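> The chain contents come next:
There are 2 protein chains.
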Amino acid sequence: METTKDAGVVPRGGAKAWEVGLRLLALALTLVASIILGLDKQTKVVPLQLTPSLPPLDVPVHTKWHYLSAFVFFVVANAVACTYAALSLILVICKKPLASSAVIVGDIVIAALLAASGGATGAIGVMGKEGNSHVRWAKVCDVFGKFCDKVAVSLVLSLLGSLTFLLLASFAVIATNRRSR
Amino acid sequence: METTKDAGVVPRGGAKAWEVGLRLLALALTLVASIILGLDKQTKVVPLQLTPSLPPLDVPVHTKWHYLSAFVFFVVANAVACTYAALSLILVICKKPLASSAVIVGDIVIAALLAASGGATGAIGVMGKEGNSHVRWAKVCDVFGKFCDKVAVSLVLSLLGSLTFLLLASFAVIATNRRSR
Numbered sequence: 045m046e047t048t049k050d051a052g053v054v055p056r057g058g059a060k061a062w063e064v065g066l067r068l069l070a071l072a073l074t075l076v077a078s079i080i081l082g083l084d085k086q087t088k089v090v091p092l093q094l095t096p097s098l099p100p101l102d103v104p105v106h107t108k109w110h111y112l113s114a115f116v117f118f119v120v121a122n123a124v125a126c127t128y129a130a131l132s133l134i135l136v137i138c139k140k141p142l143a144s145s146a147v148i149v150g151d152i153v154i155a156a157l158l159a160a161s162g163g164a165t166g167a168i169g170v171m172g173k174e175g176n177s178h179v180r181w182a183k184v185c186d187v188f189g190k191f192c193d194k195v196a197v198s199l200v201l202s203l204l205g206s207l208t209f210l211l212l213a214s215f216a217v218i219a220t221n222r223r224s225r
Numbered sequence: 045m046e047t048t049k050d051a052g053v054v055p056r057g058g059a060k061a062w063e064v065g066l067r068l069l070a071l072a073l074t075l076v077a078s079i080i081l082g083l084d085k086q087t088k089v090v091p092l093q094l095t096p097s098l099p100p101l102d103v104p105v106h107t108k109w110h111y112l113s114a115f116v117f118f119v120v121a122n123a124v125a126c127t128y129a130a131l132s133l134i135l136v137i138c139k140k141p142l143a144s145s146a147v148i149v150g151d152i153v154i155a156a157l158l159a160a161s162g163g164a165t166g167a168i169g170v171m172g173k174e175g176n177s178h179v180r181w182a183k184v185c186d187v188f189g190k191f192c193d194k195v196a197v198s199l200v201l202s203l204l205g206s207l208t209f210l211l212l213a214s215f216a217v218i219a220t221n222r223r224s225r
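For the protein sequence lines, the chains are A and B, in the order given.
The first sequence begins at 45 in the numbering used here and counts up one residue at a time.
The second sequence begins at 45 in the numbering used here and counts up one residue at a time.
Derived from the structure by calculation, the hints contain no laboratory data.
Note that the structure is predicted; figures quoted are calculated from it, not measured.
Note that the Cβ used here is the ideal one computed from N, Cα and C, for glycine as well.
Certain hints may be false.
In silico EDC-like pairs for lysine to aspartate or glutamate, Cα to Cα no more than 20 angstroms straight-line [claimed, not checked]: (1) K88/A <-> E63/A; (2) K108/A <-> D193/A; (3) K183/B <-> D193/A; (4) K108/B <-> D193/B; (5) K108/B <-> D186/B; (6) K183/A <-> E63/B; (7) K190/A <-> E174/A; (8) K85/B <-> E63/B; (9) K85/A <-> D186/A; (10) K88/B <-> D102/B; (11) K108/A <-> E174/B; (12) K108/B <-> D193/A.
Just so you have them, the derived chain A footprint on chain B, three or more residues with Cβ under 8 angstroms [stated by the list, open to error]: (13) 66 to 78; (14) 88 to 97; (15) 123 to 129; (16) 181 to 189.
Just chain A, same shape as in the assembly:
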């Protein structure tokens, strides 16, 4: 009797459940990451000492996610990744022919896009938290603590999303390589 492999038909049944699960996870992670940072803003009243003889003046200062281009890149990249996760989920469930390579390559590109936006947000986040005396950029997270905490949460979720796409691509590569032997 001819086996499934010999007949040229690729067995895919077992892979379906974990692939759908991982794509749903990636969709949720990138969606929540983009929403958390896309709604992130904080207003805080800080005392401003104009002259030593007068009492400090309370001045409201505020920050929003779109004040920094790295955060805009992050929100856009996560929105793109989330949309792609939904589209690839439909392709995988419908088992469209010729979509297999496109979906793996798509996973790789989206993982790299999320890594780039994560790197950008992480670099600005670290600068906001630590500051840098050499370029005289002061830390701002001691004023905007809640804002920075949300940036950190979004960043972790997005990096987990990137890792999920990396896992999807890697598992698919290993499975396809096994079938081609």
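Following the hints, position chain B against chain A.
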């Protein structure tokens, strides 16, 4: 007569030349990127006006690549990518069995690593060039122009390196998928 594919032997001859070429290109790009940024420093004499009645005082200011953690991440990531490119080149040339999946997954991980370090360096580079009035971080590239130019060159080379690894992984995925059909 049985064809090569039917006999279960995977034809790989044609892919060899471009794969070796792309790996050598990735090695060169990441090596040059890490060297350019890893040697980047600049000292400049700037006039400092202490009081209006006195002439400005010439003060030397200097910057080095390791003053910013994003640049350290960039140099380390490119050095890792360069080492990986050399190792994967040996594996591909020696045609080690079972190395195929590992090399494709390695390409994907390194592409993402380079994208992350590129994102971090790009975000700090843009901040250095443009500054940001909201967080009161002043632009520094008008003082350290040559330093910033070298950062930009390294960044472009590294992103091309990341693209090369993406292409290597994508071509391998498409070729393997074709063979598995």
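> Each hint should be assessed against the structure and marked as holding or not.
Evaluation of the provided hints:
Pair hint K88/A plus E63/A does not hold up; C-alpha atoms about 44 angstroms apart against a cutoff of 20 angstroms. In summary, the hint linking K108/A to D193/A is supported, as the alpha carbons are separated by about 13 angstroms, within the 20 angstroms threshold. In summary, the hint linking K183/B to D193/A is not supported, as the alpha carbons are separated by about 26 angstroms, beyond the 20 angstroms threshold. For a cut-off of 20 angstroms, the pair hint linking K108/B to D193/B stands: about 13 angstroms separates their Cα positions.
For the hint pairing K108/B with D186/B, the CA-to-CA distance comes to about 16 angstroms; that is within 20 angstroms, so the pair holds. Using a Cα cut-off of 20 angstroms, the hinted pair K183/A and E63/B is violated, with the two alpha carbons roughly 46 angstroms apart. Straight-line distance between C-alpha atoms of K190/A and E174/A comes to about 15 angstroms, which keeps the hinted pair within the 20 angstroms bound. For a cut-off of 20 angstroms, the pair hint linking K85/B to E63/B is broken: about 35 angstroms separates their Cα positions.
For the hint pairing K85/A with D186/A, the CA-to-CA distance comes to about 15 angstroms; that is within 20 angstroms, so the pair holds. Straight-line distance between C-alpha atoms of K88/B and D102/B comes to about 10 angstroms, which keeps the hinted pair within the 20 angstroms bound. Restraint check for K108/A and E174/B: the C-alpha separation of about 18 angstroms stays at or below 20 angstroms, so the hint holds. At most 20 angstroms may separate the alpha-carbon atoms for a hinted pair to count; K108/B and D193/A exceed this at roughly 30 angstroms.
For a cut-off of 8 angstroms, the count of residues in the segment 66 to 78 of chain B with a CB near a CB of chain A stands at 0, and the three-residue condition is violated. Here's how the segment 88 to 97 of chain B fares: 0 of its residues keep a CB closer than 8 angstroms to some CB of chain A, so the rule of at least three is not met and the hint is violated. Counting residues of the segment 123 to 129 of chain B whose beta-carbon sits less than 8 angstroms from any beta-carbon of chain A gives 0, not enough to reach three: the coverage restraint is violated. Coverage of the segment 181 to 189 of chain B by chain A holds [criterion: at least 3 residues with CB-CB distance below 8 angstroms; count 3].
When held up to the earlier numbered hints, the structure conflicts with 1, 3, 6, 8, 12, 13, 14, 15 and fits the remainder.
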